[in-house]
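Q: Single-letter residue listing:
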Amino acid sequence: MKKLIKLTVNGIQREIEVEPRQTLLEVLREDLGLTGAKKGCNQGECGACTVLLDGQAVSSCLVLAVRAHGKTVLTAEGLATDGQLHALQQAFIAHGAVQCGFCTSGMLLSAKALLDRNPHLTTREIEESIDGNICRCTGYVKIIEAISAVAQNKNS
Amino acid sequence: MHLPRFQYQEPGSLAEALALLAENQGRCKVIAGGTDLLVALKQRRHLPKYLVSLDKLVPLKGIREIDSVVTIGALTTMAELIAAPLIQDKLPGLVQAAREVGSPLHRSLATIGGNLCLDTRCRFYNQSSFWRSARPTCCKMGGKVCHVTNKQNACFATYAGDLAPLLIALRASVKLASSRGERVLPLDRFYTDNGRHPNQAQDTEILTEIQMPAPAGGVTGTYKKYRERAAIDFPVVGVAVALQMDQPTGTCRDLKIVITGAGSRPVEASLAAQKLLGQELRSELIAEAATTAAKEIRPVKTSHITPRFKRQITSLLVEETIKELGGIDR
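Residue numbers (this note's numbering), protein chains in the order written: chain A, 3 to 158; chain B, 95 to 424.
Derived by calculation from the structure, the hints in this document are not laboratory data.
For glycine and all other residues, C-beta sits at the position ideal for the given N, C-alpha and C.
Be aware that a few hints might be false.
[As the list claims (entries may be wrong)] Using 30 Å as the maximum straight-line C-alpha spacing, the simulated DSS-like pairs for lysine-lysine come out as follows: (1) B:K143 x A:K8; (2) A:K41 x B:K150; (3) A:K4 x B:K245; (4) B:K143 x A:K5; (5) B:K184 x A:K5.
[What the hints assert, rightly or not] Per label pair, the in silico range of CB-to-CB distance: (6) A:Q15 x B:R229: 48 to 56 Å; (7) A:H71 x B:P179: 28 to 36 Å; (8) B:G236 x A:N120: 45 to 53 Å.
Modelling step: build the complete structure from the supplied sequences, incorporating the hints.
A: Here's what the structure looks like:
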């Protein structure tokens with residue numbers, strides 16, 4: 003039996019009928035056409051499906067869509083505002099922190115969740131914030147540099 | 095892999111939830127954070143008719159201290175536990191243990207109640223139904239044989255929760271509610287040592303809260319975990335120690351050592367603790383106790399990690415943890 007849920011996705015109010023067995027990831031990708039969150043392992047290990055749920059980074063493959071009722075979801079598509087990329091996105095480009103790109107949207111959102119809560123970040127905290135996001139290309143160094151650059155800009 | 099079909103129930107009160115479980119005994123699964131359960135459902139390790147969500151049960155959230163007893167609601171997430179001033183102040187070891195659970199992506203969803211009810215794990219069990227179908231159904235799945243030990247009707251799946259060891263060492267209890275009433279069990283007795291049914295919670299019960307005495311009299315506790323990938327994995331082995339020193343004499347008044355990842359339940363290394371009770375903590379004595387602790391566990395090869403390696407790591411972790419809490423230099 004389908005359930006009607008209301009949620010805010012990237013600032014837009016949505017009403018959508020979902021099957022209880024659909025995960026938030028499936029609804030975002032298949033019903034709303036938002037493919038920024040990637041389906042990687044689908045078991046909560048890789049972090050490619052990271053989205054912000056009420057400001058907290060979660061693996062959307064581990065969240066039932068019905069549980070997102072009344073909540074606010076931010077995906078990679080919602081990071082840019084008025085055609086202007088988010089500071090994190092610009093920093094990722096400037097530091098060459100993207101290779102194949104599969105982990106990037108998750109990395110951006112995990113970093114954003116942390117930066118929103120605590121703008122004064124140490125390198126250790128940045129590393130911990132992306133603990134759950136696996137990247138098989140970059141070796142993480144440039145990603146951490148990009149996030150550090152944004153954190154330093156916020157501080158100065 | 096999609097989730098199997100189920101009916102989603104979202105009761106508005108605990109009483110309603112318990113009534114649902116009582117009416118549909120054996121056909122329900124309770125979902126809190128879902129980080130462990132959704133993977134199990136995707137792998138068809140459970141096929142419940144009803145999924146009973148605890149999302150609306152607000153009273154099951156939150157942390158409070160009354161008369162030196164700290165009570166933590168079962169729906170408190172790892173992230174909330176880590177950020178709670180009361181826990182940071184009174185139980186810094188628990189903050190440390192909660193930080194070791196999964197990754198930040200899990201910690202924002204996973205609850206303390208769910209963590210304590212974590213299912214046991216095994217390389218023949220934590221697999222997709224397709225993978226498992228290549229062999230006869232194992233004991234953990236309801237079959238007759240254990241593929242790890244080749245024994246009949248016995249399951250040796252490993253308990254690998256991160257919070258239980260420290261909470262047992264700090265003498266925590268859990269409250270289980272059912273439609274017939276409530277019962278409080280010491281956490282130590284909550285676990286069964288039966289890989290198939292790792293804890294005492296019945297189909298009709300919900301774990302509602304965790305209670306423990308606020309550490310007093312210089313009791314300190316901490317948890318150390320060894321895992322393959324520091325960022326996300328379950329423990330290969332984890333060791334929790336709670337220690338109380340007798341201040342003027344400098345001897346060990348109370349000590350509890352509890353080990354996870356080393357058996358079908360959190361294992362208390364009581365012989366090792368006895369070696370140190372009433373003694374002054376010295377490096378050689380601690381090393382001896384650590385060797386004893388490694389002999390007290392009975393690890394089974396439920397992952398690609400060998401029991402021998404688990405014993406070695408246990409010994410190292412026990413030694414390191416006691417030295418750190420006792421303030422002893424290497």
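Q: Compare the structure with each hint and give your call.
A: Here is what the structure says about each hint:
Proximity of K143 (chain B) to K8 (chain A) is assessed by CA-CA distance (about 25 Å); at most 30 Å being required, the pair is judged to hold. In summary, the hint linking K41 (chain A) to K150 (chain B) is supported, as the alpha carbons are separated by about 28 Å, within the 30 Å threshold. Under the criterion of a C-alpha separation no larger than 30 Å, the hint pairing K4 (chain A) with K245 (chain B) is inconsistent with the structure, at around 45 Å. For the hint linking K143 (chain B) to K5 (chain A), the alpha-carbon distance of about 17 Å falls within 30 Å, and the restraint holds.
For the proposed pair K184 (chain B) and K5 (chain A), the alpha carbon gap of about 43 Å is over 30 Å, so the pair is violated. Distance hint check: the CB atoms of Q15 (chain A) and R229 (chain B) are about 50 Å apart, consistent with the given range 48 to 56 Å. At about 30 Å, the CB distance of H71 (chain A) to P179 (chain B) agrees with the hint of 28 to 36 Å. The hint said 45 to 53 Å for the Cβ distance between G236 (chain B) and N120 (chain A), and at roughly 47 Å that hint holds.
Violated hints for the displayed structure, listed by number in ascending order: 3, 5.
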